[in-house]
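Asker: Following the hints, put chain D in place on chain V, whose structure we already have.
Line order of the protein sequences matches chains V and D.
Following our numbering, the numbering of the first sequence begins with 1 at its first residue and continues without gaps.
Following our numbering, the numbering of the second sequence begins with 1 at its first residue and continues without gaps.
Treat the hints with caution; some may be incorrect.
Which copy is meant is left open, so a pair is good if it fits within one copy or across any two.
[What the hints assert, rightly or not] List time: in silico EDC-like cross-link candidates among lysine to aspartate or glutamate, alpha-carbon distance up to 20 angstroms: (1) 361 <-> 319; (2) 295 <-> 29; (3) 251 <-> 365; (4) 304 <-> 248; (5) 21 <-> 92; (6) 350 <-> 45.
FYI, nobody ran anything at the bench for these hints, they're computed from the structure.
Keep in mind the model is a prediction, meaning the values are calculated, not measured.
2 protein chains.
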Amino acid sequence: MRTITAKFGGTSLADAAQFKKVKDIILADPARRFIVVSAPGKRFESDVKVTDLLISAWEKAIAGQNFDPEMGRIRARFEDIARGIGVDMAFEEEIGLISRSLEAMPYRDYALSRGEYLCGKLMARFLGLPFLDPARAICFDREAALDEEATLEALSRALDGLDGAVIAGFYGSRPDGAIQTFSRGGSDVTGALVAQATCSELYENWTDVSGMLAADPRVVDAPDTVDVLSYRELRILSYMGASVLHTDAVKPVQNSGIPINIRNTNRPEDAGTYIVPHLPADHSRRAVTGVAGRKGLSVVQVEKSMVSDGAGFTAVLLDIFKNHRVPFEQCLTGIDTISIVIRSDLFARKRARILKDIRDKLSPDVLNVHENLSMITVVGENVAGADDLTVCLLLAVANEGINISTINQGAGRLNLIIGVHESDYERAIKALYLAIKRTA
Amino acid sequence: MRTITAKFGGTSLADAAQFKKVKDIILADPARRFIVVSAPGKRFESDVKVTDLLISAWEKAIAGQNFDPEMGRIRARFEDIARGIGVDMAFEEEIGLISRSLEAMPYRDYALSRGEYLCGKLMARFLGLPFLDPARAICFDREAALDEEATLEALSRALDGLDGAVIAGFYGSRPDGAIQTFSRGGSDVTGALVAQATCSELYENWTDVSGMLAADPRVVDAPDTVDVLSYRELRILSYMGASVLHTDAVKPVQNSGIPINIRNTNRPEDAGTYIVPHLPADHSRRAVTGVAGRKGLSVVQVEKSMVSDGAGFTAVLLDIFKNHRVPFEQCLTGIDTISIVIRSDLFARKRARILKDIRDKLSPDVLNVHENLSMITVVGENVAGADDLTVCLLLAVANEGINISTINQGAGRLNLIIGVHESDYERAIKALYLAIKRTA
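So that you can see chain V by itself, here it is in the shape it has in the complex:
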């Protein structure tokens, strides 16, 4: 039996009309057997997500204040959907239980998880499928880290032999029974774990965009959709700020080599973006997959005679940042000079101590901090080396009169990271995107 795990995000579940679209999508392919749901999201710009209502309720509960209004709004949202999709389901009891639980023990993760819980129950009734409460199948350890092995075993045990099921996203439980939510990646991680546990041949991630864009649409006008990219390209673009799947959500399916398909619930006819373990060898339609970047970075630049004489100096420098718990984003060592790229917000609080440590331990000839930088990356899995395409891209930026402060292009495929001042960030992204389009 073909198996697809399909995860639907908050906007895909915002109201009854969206629920109906989801059902249509699921019925369109019998392989869509395991359905993972988020909590209902915004119906319109100024709307409030169910999860945000739950946070408000919890904040009032822990402050000893009345949170009936919030619970009332949540109940109304679910009842509204139930009515619209013709499901006879009363939420009075469920909402009452949540309220009483929060009064007895205002526990944050429990409160936060109830949106997915209720949404999953409702969707299961709507689809006529069994509901799986992930509290019984997504396992965290005592330190609140996901226990992958236990999770896959529990999910397999719970889902084996079922033709289909609806699973609530976003949470699981710890060995002590307490609800635990994912700190990063949310329901996307649940979906990826279910896809892995059920040996799905595809993990569909239904959202409100028709796939991943080659650049940030807030910066570039109507950027192209990327039809296919590799896990690695996704990680890089996601790391650099492209708002797509979180790394944590990619790991489980990547481990099993399951492709991901990002789809648009509102435009199911669009093919969306495929994320695959390896790009097909003949995939040379476009050399460059996308451009993304991050602001808020600083560079600590250390100069010392013959840094490159051995690994010692660099190792000591990296250790200093590690000891201060400031992870570095990039490290470039040349002759006599090392540039360490770090997040400005993490650096700011520890700046004086880190610089003092560097002076004390390394007696550098020069120690500079360059601030207000942004880093921009251009990835292209199928472009070997930094050949003339790299130069083309750099030229496109330079032709805009933008100063490039750092250039980092390692061996292998196109992996270019350039540093520009934050004030040049948007212009540089635009210039790179246009250059990519020209070379396509």
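Answerer: Relative to the frame of chain V, chain D by itself:
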């Protein structure tokens, strides 16, 4: 009293005519008081340096063979010079002592040092200055490393109060009295130490070229001479293969901020190249100081999901190279990828073990070795950042149809290092040099 330490290299002392040029140079400026000499070098292309004759003699001595012919040729060279410069000095006794010593104990460093020793004695007689045997003033420790503190003290004690002196270069002695030669930098280091100990305001390094060239003359036709460069630029160009002063020779004068002047004994009218602690602020005649490069490099390229999540991965990787005693030349960490540039000859013998260690300790997603690479650097102390000049330079290389495999430009000033295949090395250097000339 103004004080200059002047060091003369082997070709400046190859025969009587060269000795006369040296004397003229010294007499032309009374500040040239402390004179450091190498051993006589080649008089013509197929000639043999005195030091190479000494190596041959030692090799025969240690093999128990007769080395009279070598000692005869050495004696003839010195007697030839003495006769030509009108100095009445017999070498029979000195050469006899060296021969008997080598028979009794064929000790390599002793043999090697005798060229400078004899040359120093002859030059002292010629100039009418006292001779200082560095065995009494250049101090090494038990591990054969230079003891800078003891050396500066001994040199000061030996030279204080003298109007001038001739010092033999290249060697000193260990605490046990044995002669010890410099493993790197040779007589240039002696000269720098003498300059520091005598508080010279200038360290002149007399050779057979009119200063440092902006590129390798074997690759580029008649490159320009660099009029002034910083210690740091010198180190970088020297590290990258420009045949100038060794780093070890720069350290002592750099510590004291003494400028170096590289001069041509055969063209004393040329100003040569000045090497200074810091470039004068108004020195903007040329943006780029020079281009240099090295072949015989490899890149180990490691890919692993979210390398940049913390300092751990890079530190472990650098440790592996350190443990195998393969110093890295460059380290570029990006997102998911690290490129380590290393010398191919050092890597070759340990390749299998290093790659196994990387696989065992880091389980990388991708592990590639790129070989037969060369690295080319362009330095320009007064160029801030990698602005459009960097792009210009990269474009010049790309326009030659040369693939650039790695690009490393850290923060701060122009510090560009690019990797190209060895077969493209000469063309890339030429292209960069011409681009530099165009922007000058």
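Asker: Against each hint, give a clear statement of whether it holds in the structure.
Answerer: Outcome of the hint check:
1. 361 <-> 319: both (11 angstroms within a copy, 19 angstroms between copies)
2. 295 <-> 29: neither (42 angstroms within a copy, 59 angstroms between copies)
3. 251 <-> 365: Classified as between: cross-chain Cα gap 13 angstroms, same-chain 43 angstroms, threshold 20 angstroms.
4. 304 <-> 248: For residue 304 and residue 248, only the inter-copy Cα distance (14 angstroms) is at most 20 angstroms; the intra-copy one is 38 angstroms.
5. 21 <-> 92: For residue 21 and residue 92, the Cα distance exceeds 20 angstroms both inside one copy (26 angstroms) and across copies (107 angstroms).
6. 350 <-> 45: neither (38 angstroms within a copy, 61 angstroms between copies)
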